[in-house]
Amino acid sequence: MKLKPHLFYRTTKDGSPGWKFVLPSLVLISLIGLPILALIWRSFNIKIFTFAVSESAVNALKLSLITSIISVILSLVSGTPLAYIQAHWKFRGKAVLDLLVDLPVVLPPSVAGIALLLAFGREGLFGAVLNNIGITLPFTTVAVVMAQVFVSAPLLVRSARIGFAAIDPQLEEAAKVEGATDWNVFRLIMLPLAGRALLTGVILTWTRALGEFGATLLFAGNLEGKTQTMPLAIYIGFEQGLGIALVLSVILLAVSLVVLAFLRKLELQS
Amino acid sequence: MNKSFVVLSVIIIITLTSCATSDTGMVSPINSGQTTSPNVPSIIRGTSPDKHTLTIFAAASLTGAFQEIGKNYETANPGVKVSFNFAGSQILRTQLEQGALADVFASADHMNMDLIISENLVAANNYQDFVSNQLIVILPPGNPAKVQALGDLAKPNLKLVLADASVPAGNYARQVLLNMSKDPMYGADFSVKVLKNVVSNETDVKQVVAKVELGEADAGIVYTSDAIADPNLATISIPDKFNVIASYPIAILSSALEPNLAAAFVVYVLSPAGRTILIKWGFNSGQ
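Which chain is which? The protein sequence lines are A and B, in order.
The first sequence maps to residues 1 to 270 in the numbering used here.
The second sequence maps to residues 1 to 287 in the numbering used here.
Mixed in with the good hints there might be a few duds.
[To be verified] With a straight-line Cα cutoff of 20 Å, these simulated DMTMM-like cross-link-like pairs (lysine to aspartate or glutamate) come out:
#, chain 1, residue 1, chain 2, residue 2
1, A, Lys226, A, Glu55
2, B, Lys193, A, Glu123
3, B, Lys241, B, Asp183
4, B, Lys196, B, Asp152
5, B, Lys146, A, Glu123
6, B, Lys155, B, Asp114
7, B, Lys182, B, Glu213
8, B, Lys81, B, Asp152
9, B, Lys196, A, Glu123
10, B, Lys196, A, Asp168
11, A, Lys90, A, Asp182
12, A, Lys90, A, Glu178
[Stated by the list, open to error] Heads up, incomplete: computed chain A residues facing chain B, CB under 10 Å, no partners named:
#, residue
13, Ala119
14, Glu123
15, Phe126
16, Val142
17, Lys226
18, Pro231
Please keep in mind that the hints were generated in silico from the structure rather than gathered at the bench.
Virtual Cβ for every residue (Gly too), placed ideally from N, Cα, C.
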């Protein structure tokens, strides 16, 4: 975002004044920019280093990075084929499937957490069966990943689906005439052509997984080193004193910015 | 001309944001003092002058009792709406420090009230202990881990849920465990062994109750009042020699927009009728 001075008194092609665009934009830019600015500004007054190297901050950051990366990989591996099916296959109940996969995007995370507990909790619908064979999911790192995938994978599926749907069906037919198998069509034609959409999906999924809070707190609980991710550590830290929460927030902000910039660069190159 | 519009819009945005900050009690050079004046509360809250809202920040453990007290108070004071914010006392304290507007603060411990006083949000010594609570061990229906006595809390692989150490109930629970460790019957490492079984540190005491009630945890340590509010739970009481007495202080905030209504609310909480409700919800009202 480069705000050069001339932008303010630029006019649009039809001669109408540019402020009709600039003015509403400024409202949104202030709403997003000012809190970020305040966060960084306030954190300058605090001994960042002492808090940043504290064991619980390092543990939370490590856990957040590991779980969110696993979540993205799981979403990619299971979400890409699903998106392909949704985009290219015709079958009964497809509308229901589309709705189901999109549902977590609009569902509040707290509802997601309760639903996960009721399904996979120790006394849950399926969790009780798992419990009988010695597997308990709540309060484990696995539960953290499950919560993240639940809320974030649909973003990848949506993005990939749009990418696959935009590919000209004639390409697929031509390849099949030449004797390509379904798998080869998917691997050699569809994946490369939908690459950009997939990358956008990865960015959205990763940032959503990294920021997951509500479902994690309800389904996985809060235990340092095991289920306490950065957002949870920030929330708990906020209760102990603004300083810890601030520093953790700035770290998370910095990490998010670096990865976001890296992925955007990749996206532009592809 | 376009330039002037941009300047104007910047001024509007700055004014809007500074209004917002002074609303939340932070210092603003432009109009501080105006919005916090007790003469204009109805304008700020967008209600007509004879409709009043009393905002109460209360510890999560008070949820059931205060909701009942609030209803009775509304009946006795037509035109007044009592609005509650229930959360861990430490969350409420942080919200107040960051400028949240409230009339009454009821904390589950003295530490958070003392911090509020040290920041001049409540006048010194202007609080009263109105109720007390004790701790109890709760078990899920069916008691899957077969916890029979307090000593079983140290059994390996038991799933115990506590409130976080920053939450009053979590702090008290850890004190109880330390008290028990001093008794040779449990052993000096009792507290360490029990804390090893903790699978989650919840953000308020009601979350502990929820996790135990769902059967996700084998045991939890909460207030006696929480156990009474939920008859599905089995309990193991903690003897007085180990237990702690949590006194709950209540205070009117210095920045209260409805100081008179707030005072009337505190009087009602302390009245025999208020005490009856608190006792009904499992609190000790011997203060």
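Hint-by-hint comparison with the structure:
1. Between A/Lys226 and A/Glu55 the CA atoms are separated by roughly 13 Å; this keeps the pair inside 20 Å, and the hint holds.
2. The straight-line distance between the Cα atoms of B/Lys193 and A/Glu123 is roughly 26 Å, outside the 20 Å bound, and the hint therefore fails.
3. Taken as a hint, the B/Lys241 and B/Asp183 pair is honoured in the structure, with Cα atoms around 10 Å apart against an allowance of 20 Å.
4. A hinted pair counts as satisfied when its Cα atoms are at most 20 Å apart, and B/Lys196 with B/Asp152 qualifies at roughly 13 Å.
5. In summary, the hint linking B/Lys146 to A/Glu123 is supported, as the alpha carbons are separated by about 16 Å, within the 20 Å threshold.
6. Distance hint between B/Lys155 and B/Asp114 is unfulfilled; the C-alpha atoms sit about 37 Å from each other, more than 20 Å.
7. A distance of roughly 30 Å separates the Cα atoms of B/Lys182 and B/Glu213; the hinted pair therefore is violated under the 20 Å criterion.
8. With a C-alpha separation of about 47 Å, the suggested pairing of B/Lys81 with B/Asp152 is violated against the 20 Å cut-off.
9. The hinted pair formed by B/Lys196 and A/Glu123 fails the criterion: a straight-line CA distance of about 23 Å is larger than 20 Å.
10. Taking the CA atoms of B/Lys196 and A/Asp168, the gap is about 58 Å. The hint is violated against a cut of 20 Å.
11. Using a Cα cut-off of 20 Å, the hinted pair A/Lys90 and A/Asp182 holds, with the two alpha carbons roughly 15 Å apart.
12. Restraint check: the Cα-Cα separation between A/Lys90 and A/Glu178 comes to about 23 Å, which exceeds 20 Å; the hinted pair is violated.
13. The closest approach between the C-beta of A/Ala119 and any C-beta of chain B is roughly 12 Å, which is over the 10 Å cut-off, so the hint fails.
14. Look at A/Glu123: its Cβ gets to within about 4 Å of chain B, closer than 10 Å, so that hint holds up.
15. The beta carbon of A/Phe126 comes no nearer than 14 Å to any beta carbon in chain B, farther than 10 Å, and the hint placing it at the interface is violated.
16. Interface restraint check for A/Val142: the shortest CB-CB distance to chain B comes to about 13 Å, outside 10 Å, so the restraint is violated.
17. The beta carbon of A/Lys226 is positioned within 10 Å of a beta carbon in chain B (closest approach about 8 Å), and the interface hint is therefore held.
18. Violation of the interface hint for A/Pro231 is found here, the shortest Cβ-Cβ separation to chain B being roughly 12 Å, above the 10 Å cut-off.
Hint compliance for this structure: hints 2, 6, 7, 8, 9, 10, 12, 13, 15, 16 and 18 are broken, all remaining hints hold.
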